[in-house]
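Novice: Read top to bottom, the protein sequences are chains A and B.
The working numbering numbers the first residue of the first sequence as 545 and each following residue consecutively.
The working numbering numbers the first residue of the second sequence as 2 and each following residue consecutively.
If you are wondering where the hints come from, they were derived from the structure by calculation, not from laboratory data.
Fair warning: there could be bad hints in the mix.
Claimed, not checked - The following label-pair restraints were derived from C-beta to C-beta distances:
| # | chain 1 | residue 1 | chain 2 | residue 2 | range |
| --- | --- | --- | --- | --- | --- |
| 1 | A | Pro660 | B | Thr46 | 38 to 46 angstroms |
| 2 | B | Arg70 | A | Val566 | 17 to 25 angstroms |
| 3 | B | Gly19 | A | Gln567 | 38 to 46 angstroms |
| 4 | A | Thr648 | B | Gly49 | 17 to 25 angstroms |
| 5 | A | Gly605 | B | Ser27 | 35 to 43 angstroms |
| 6 | B | Tyr47 | A | Gln567 | 14 to 22 angstroms |
| 7 | A | Val548 | B | Phe62 | 34 to 42 angstroms |
| 8 | B | Glu20 | A | Ser582 | 27 to 35 angstroms |
We put the beta carbon where it would ideally sit given N, CA and C, even for glycine.
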Amino acid sequence: MLVVPWSDEIVRGRNAVIRHLVQTGRMPSHSQLAGDLSLSEAATRSVLRQMHDVHAVLLGGQDQIRMLWPFSDLPTPFQVTVGDRSYWANCAWDSLGIPAALHTDAVIRAAFADSPGEALITVKDGKVSPGHYLVHFPHPVRRWYDDLVYT
Amino acid sequence: MLLFRSEEEIDAWTKRTGEPKGESVSLERLWELSKAWYGDRLSPTYRGRTNEQVKAVFDAFGLTSEHWRVK
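Between the sequences and the hints, there should be enough to build the whole structure, so can you do that?
Specialist: Laid out in structure tokens, this is it:
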């Protein structure tokens, strides 16, 4: 299921994606990433595919970066605001993952799956509120990598 | 993973959608797990996590049922 430790090339590529993502809230384009890595776009795509193969990122159509956990490149029902910057999380769990990864306070707007409205969740001073809502994990962990978008 | 107000809502959702009923975790507990799961994820030295490391994180938060078995 997991291939670790990741190669130096994968770690370097992933760190470049993270730098861009944290600064802008979006995943880098191939040309932006190629510039950051001082590689050709073809070589950059090759690195991205290696990253995809070990689940360091999830690539979508035309090898665009769709996920770097806990972040999503596409809008989702889970929006995380940190200061004056907003990020999209892949799922309800990942909406907590973003402030955990950034080690910061955050405000999360998350849609309920089976009722109208949305939750306004705050992470402040190391605590989450409200804490009683539930996140449902429908699939066992060993199946998470069968279909990462669905999971 | 989706957000619900209660177990009753999860039951209604699984019945309506045909999705499997798995396990649920409160935001309070999940936040503590998130700090362990994602806290080092943006570190420049992060190189992924072995199955054994994944199991250790889940075990530390009492997630030890078959649902959380890694392989």
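Novice: Has the hinted range 17 to 25 angstroms been met by the Cβ atoms of Thr648 (chain A) and Gly49 (chain B)?
Specialist: 23 angstroms, holds
Novice: Using the C-beta atoms of Gly605 (chain A) and Ser27 (chain B), is the stated range 35 to 43 angstroms upheld?
Specialist: 36 angstroms, holds
Novice: CB of Arg70 (chain B) to CB of Val566 (chain A), is that within 17 to 25 angstroms?
Specialist: 33 angstroms, violated
Novice: Note whether the CB distance of Pro660 (chain A) and Thr46 (chain B) lies within 38 to 46 angstroms or breaks it.
Specialist: This hint holds: roughly 44 angstroms between Cβ atoms.
Novice: Should the hint that Tyr47 (chain B) and Gln567 (chain A) are 14 to 22 angstroms apart at their CB atoms be regarded as holding?
Specialist: Since the Cβ atoms of Tyr47 (chain B) and Gln567 (chain A) sit about 18 angstroms apart, the hinted range of 14 to 22 angstroms holds.
Novice: Quick check on a hinted range of 34 to 42 angstroms for Val548 (chain A) and Phe62 (chain B), using CB atoms only.
Specialist: 21 angstroms, violated
Novice: Mind checking the hinted window 27 to 35 angstroms against the Cβ distance between Glu20 (chain B) and Ser582 (chain A)?
Specialist: 45 angstroms, violated
Novice: Tell me if the beta carbons of Gly19 (chain B) and Gln567 (chain A) are separated by a distance inside 38 to 46 angstroms.
Specialist: 42 angstroms, holds
When each numbered hint is compared with the structure, violations occur for hints 2, 7 and 8.
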